[in-house]
Structure formats: structure tokens, C-alpha cells
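Q: Once you have looked at the hints, place chain B on chain A.
Spelled out, the chains give:
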Amino acid sequence: MISLSGVVAQFTELVLAVLLAPLLTGWVNQCRAWLQNKSAPPLLQPYRMLAKLFQKEVVLAHNASPLFRAAPYLIFGCLCTAAAIVPTLGTDLPLNAAADAIALVGLLALARLFTALAGMDVGTAFGSLGARREMLVGFLAEPALLMVLFTASLISNSTSLATIAETLAHKEFVIHPSLAFAGIAFTMVSLAENARIPVDNPATHLELTMIHEAMVLEYSGRHLAMIEWAVSLKLFVYSCIGLVLFLPFGIAGGGDWLGLVLALPALLAKLAAGGALLALIEMLSAKMRIFRAPEFLGTAFLLAVLAVLVHVLLER
Amino acid sequence: MLQHYGPQLINLLASLMLLLAFAMLAQRRIMSLINLFAAQGFTLFLSTALVAWLTDQSHLYGSALLTLVLKVIALPWILHRLIRRLNVKWDVETLINIPSTMLIGIVLVILAFNLALPIALLAGTLTKGTLGIALACVLLSFLMMITRSKAVPQVIGFLSMENGLFFAATAAAYGMPMVIEFGIALDVLVGMVILGIFFFRIRERFDSLDTRHLEKLKEH
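From first to last, the protein sequence lines stand for chains A and B.
The numbering of the first sequence is our numbering, which starts it at 1 and goes up by one.
The numbering of the second sequence is our numbering, which starts it at 1001 and goes up by one.
Chain B on its own, in the form it takes in the complex:
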């Protein structure tokens, strides 16, 4: 039963990832943004575990577990703590207004789907159709990083881009070697810690988390 509907379920989870990426793009509140990020991580965990089960790739269980621990529990927890300490609950400011951002997002999705179609034809994996969605998720997170002016949403965009990358790896080649996955996971975790310190430094220096202040090279 599950064998039969497995590929369809993976497609469904992939679409859910895309939906959550769009929801994050449209979100105005930081708290909901973090929750959406956790939900996206959970979807990634489910789809990785499903691919592992369907293809009998035991190392994918490891990466699924890594996703669960790191992206669903640890990172959202760290982010929630940071938000409380920084006291910036209502701090999502966009450079372009949200409807235009969503329109650009649609264009990116079309671009990603077109790019991925010829590649997906070459791949022989079960999940080849989802490569386009993975690519779209990466581009959408990238868009989020570009269009947000405050530091915290930018960091969440960065983390969600990593979600998209993981998903692309699962879609195109049944995941990366374990060493690389651990490497990336550690990278993200350490990056998060360092960025957390940066938040405090930026705010101390400029009294706000607006990264536009960083564009000035010298003081006047």
C-alpha cells in the first residue's frame, strides 16, 4: 500500500515544502516565521525518512534524524531564545512589499521548474520530479534573504535555504555522503551561534537589527 503511494506521498510532501517556503515569504511576524521554519524542517524529515524507507538506504535514516534533531528542535529553540533575549517580536521589515515579493517568487518557481526539467529527465531516482521544487525552495529562501532588511529573518532565510539544499540532495542523488551531511549540519549550527552573537553586536552598535546600517563604511 505505502509502496504504491510512496512516490505520490513524496510529491505531496515536496509541494508542502514549497507551500511553506511561500508562507515564510509572506509572513510578517518573526514568531510565526520560526514556527514555519520548524514545520518545513519537519516536512523535510518526513520526506527523507520516506525516501529512506522506500529505497532501503539506511544512511538516509541518519540524515533524517539529523534533520529532526537539528532543524525541528534545536535551531527553532535557539531562535526562540534569541528572539526573547533580543525582544524583537514584531521585527519583520521588507524592502519590497509582500505581494510583489510573492510575484517575484512565482517567477523564480517557473525558472526553477524549467531549469530542473531537463536534469530530472537524466536522473533515475524515485524522486526526480521533486528536484524542481527543491531548487525553487532554495531560490525562494534566497529571495527572502535579499528582501528582508532585519537580521533575524535573513538568518531564517539562510537556514531554510539549507533545508532546500538537503531536499535537493535527496531528490537528485538520495542524499549526500554522511561525512558531508554532518559537516554541513555542524556548519549550520556553528553559523547559528556566531550569527546569534552578531545579532547582539549589531544591536549594540546601531540600536537596531537593520542590516542596512552595515552598508555604511565609515561614520559621518
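With the rest of the complex left out, here is chain A:
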């Protein structure tokens, strides 16, 4: 049954995700600049960037296929759907029945697939180099992410993210040691998936080290704007998944209007803290060689497996 509060929560959540995503990116950039003792760019810089890119003309390569032109919209669409099924304000979401945590991983994988295909489409050396590296990182990160989600699913006996949030936030408070392992694994995975510093540098255009930037080098104008927006949205979605799994307090239950209103400042505070933490992690770590990435993500996978094992041993 679809309730009115559910529809309102779903709609606000999606709009918020799409609108706030560049703000989160701006905030992380600002924190990073402060930590590096630089004067920070304004908080709204990503929005200005998007506005500028939307006004610019699109330059296409001669041999670009329709896929190359469709990919930015497809990627953005995938990430919007992903943002819609992650509970951020309330757990009573009408779209929640449509897709669970596994489908969420699938959606993120689909977005990655289109980015990689578009990177290879024009046929430049950098594009295929970036696509290959992205797929290397992706195929190692995906199982780890799945295991992290499975740990949370084992605790709440459901793969639906809303039920997971409901169980963790509203049932009696229990310390779950397995979530400590899962939390570290998830942090490592999300650093790799969002092209953050130990694995990839989001600010680089240095030929040999880039992963994500190499794939989108050929894009310009509104296509690039869509991709940049999708990248911020991806960071937002990952942050929200992390909040749902490890810090779900403040999310409203079904039909709880006051809770829904109070959930917004809670979410903003948690995202601000999470963004500052991300900037700190990025500051404290050095970029790895690309061939160290498998080891990094292998460790994440092992930690996620340990989380499941610890759950079986200690919490059953």
C-alpha cells in the first residue's frame, strides 16, 4: 500500500539527492583545500561549473556513435534511480519494493558499464586505457560492496535497504561488531568507486595516473555537465548507503511526518561530517600505484568476508 507520506518522502528524497549532490562535492573540495592550507573554492563552485558547461557547445568526434551521445543521460538516469532507492529521509518508500540492495549494486554497475563503453567508443588511447582500469577497479570493488550489503542483510534478514535502515535505526540498539569490519570495507570500496585518492585522483589530468578522467576526456558541453553531475550524484549515493548501513539514526519511520521534517537537518549534518572525513582520509593517504589497487580492494573484500564470518560467530 502506498501512503501519502511515503510518496512525499520519496519525491523529496530524489529531488534533494539531485540538487544537493554538487553541494556535497563542493563541500568535500572546500574541506580538502582548507586541510591543504589553500584558499578554498566557494561552496557553490560545482553548480557554476555545471551552469557553464550547460551553456557551452558540444564538440563531438567524427566517429562518435549514438552510444557516445546517449551515455551521459543513461549514466545520470542509472544514478538517479539508485538515489531513489536509498532511504535518506524516511524508510517508507514506494519505489523500495522495486529494487533491493543487489539491484542497487547492479544499477551502479550499469552506470560504470556505460561510462567504460563511452570511453572506448571514440577509440582514443586514453579512453580505452581509462575504461580498462575502471573495469579492473570495478570488478574487484563490486564483490566487496555486495558482501558489505550482505552483512547488513544478515543482521536485518532482508536485502531491502529500507528494511535494513528500519531494523538498525528503530529496533533496540545492539552493538554489531560485524558492522565495524563492514564499515572499513565499505570505506575502502567507496574510495575506489568514487575515484578518490588512494586509488584515483579526481583532480588529476596527469596522463599516466588517471582512471576516471581518462574515460571522459572526449566529452564536452552539456554531455560533460551530465557526467560531472552524475559523478557528484554517485558520491552522494555512496555516502547515503554508508549512512544507512552504519549511521541510520534520525531516519523517519512510516507515516511519521515530524520525523520526516527532522530527518533533513540530521541528514545534512551527517553528510557534512562524512564529507569532512572523506577530505581528511584523502589528505592523509598518498595515491597508490595502479597495480596496488587489486591488493587494496582485495583487502576490502577480505574484511567484508570477515564481517560475515564474525556475524555468524558472535551475533547469531
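Hints were generated in silico from the structure; no laboratory data involved.
Treat each hint with caution, since some may be false.
One-sided excerpt, in silico: chain B residues whose CB lies under 8 Å from chain A [unchecked claim]:
1) Gln-1003
2) Tyr-1005
3) Gly-1006
4) Gln-1008
5) Leu-1009
6) Leu-1019
7) Ile-1096
8) Ile-1098
9) Pro-1099
10) Met-1102
11) Val-1109
12) Ile-1110
13) Phe-1113
14) Gly-1129
15) Gly-1132
Here the structure is a predicted model, which is why all the values come from computation and not from measurement.
Every residue gets a Cβ at the ideal spot worked out from N, C-alpha and C, and that includes glycine.
A: Leaving out everything else, chain B in the frame of chain A:
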């Protein structure tokens, strides 16, 4: 409040021990290895003190204090001094590469958990669930001793194995008698001193701390 969450906190600390054991297995630098060892000792101290408080076993406070003095302060300090004197800061060499070591580690953890499950069902202690983790810590430290070729990481593996043993004793039977604990503590301390002398002897003889040199029985 703490009474209620006590057992859960012990489980959390136990998982932290396991996490640190894995971190030590993955570590490439000796300095961080020693710090991780100190952190593991500190976790052991916290969990022993918590068990002592929850079960009113006053002798466990003694063993907690012993852990704090010996494993968090004394041994890391001795190790740091040794490293400085030997000048071997970057000296962690593995026989098997680190990802494979971690995979073997996972298999060991599964083995330990399976072994401990029937034993834990028999035990009536508050901490019975953590026996599997203690066993896993012992096996992981053992793995570290086997897969490192240099002497210093092997010794740290040995010391951390002792951490695991202490933890197993607390988990299965609320600790060992005080006399035995003091005995083991003295053993470890003296062992550390002797091994420290060995480090210098090994290096003097072979110009390196690689224990593979010790496998040769005669000179050619």
C-alpha cells in the same frame, strides 16, 4: 547500562583484536607493525579489564595491568629501541605475497571459528563466543611467523601469538591462575631480551636479519 552492553562491548573488542591481527598480517613497515602490536595489546587490556569488571574477578585486574605494562609500554619500547639500534626500518620481507597471505588467513579464520563453535557451546562463560576469535588470532600470528623471512617481524608474530593466547584464556576460563600468568609474562620478557641479542648475533654473522641464512647447516 554498561552491564547490559558489556558482553556486546567484549564482542566488539574481540573483533577489533581480529582486525588488528589482519592489519599486522598485511603490514609492510616494521614501525607500523610495532604500533599495531601495541594497539592489539591495548585492546587486550581493555577487554580483560571489562571482563574483570563484569564478572567481579579481581585477579583479572592484575592480568589486565600486566598486559598494559608489558605489552603496551615495555615490549613496544624495547622493540622501537632495537629497531633504531639495528637500523632496519623498512625490513618486512614476505615469503608469500600479501594478498595470498590474507587469503590463507581467511581460511584459518574459518577453521578456527569451526573448531571453536562446539567448544564454546560447552563453556558457560560470558565470553564464550570470543573463543573462536582468540583461536583465529593465535593462528594468524602463527601464519605471520611462518611467512616472514626477517627476524624482527617473526618475533612480533611470536609476541602477538601470546596476545591471542591470553585472550583465549580469558575467553574460555576467565584467565589463568596468577602464578602462571606471571610465569608467561616473565617468559615473554626474557625471551624478548634473548631474541634481541640474537638479532645482533644474526646480523653480525650474515650481514642481514634474514632467517633463511640460518637454514644452511655448514659453510661452503
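Q: Hint by hint, say whether it matches the structure.
A: Hints versus structure:
The criterion of a C-beta within 8 Å of any C-beta in chain A is not met by Gln-1003 (chain B), whose closest approach is roughly 14 Å, and the hint is violated. For Tyr-1005 (chain B), the interface hint holds, the least distance from its beta-carbon to any beta-carbon of chain A being 6 Å, beneath 8 Å. Taking 8 Å as the C-beta cut-off, the interface hint given for Gly-1006 (chain B) is violated, the closest approach to chain A being about 10 Å. With a cut of 8 Å, the hint placing Gln-1008 (chain B) at the interface with chain A holds, because the nearest CB-to-CB distance is about 4 Å.
With 8 Å as the threshold, the beta carbon of Leu-1009 (chain B) comes within range of chain A, its nearest partner Cβ sitting at about 6 Å, so the hint holds. With a cut of 8 Å, the hint placing Leu-1019 (chain B) at the interface with chain A holds, because the nearest CB-to-CB distance is about 6 Å. Because the beta carbon of Ile-1096 (chain B) sits about 13 Å from the nearest beta carbon in chain A, more than 8 Å, this interface hint is broken. This hint holds: Ile-1098 (chain B) has a C-beta 6 Å from the nearest C-beta of chain A, less than the 8 Å allowed.
Checking Pro-1099 (chain B) against chain A: minimum C-beta separation of about 5 Å stays under 8 Å; hint holds. Because the closest C-beta pair between Met-1102 (chain B) and chain A is about 5 Å apart, less than 8 Å, the hint holds. Because the closest C-beta pair between Val-1109 (chain B) and chain A is about 6 Å apart, less than 8 Å, the hint holds. Using the Cβ-Cβ criterion of 8 Å, the hint placing Ile-1110 (chain B) at the interface with chain A is satisfied: the shortest such distance is roughly 7 Å.
Annotation: Phe-1113 (chain B) was flagged as interfacial toward chain A, and the flag holds, the nearest CB pair being 5 Å apart, inside 8 Å. For Gly-1129 (chain B), the interface hint holds, since its Cβ comes within 8 Å of a Cβ in chain A; the closest pair sits about 5 Å apart. Interface restraint check: Gly-1132 (chain B) against chain A, minimum CB-CB distance 5 Å, threshold 8 Å, status holds.
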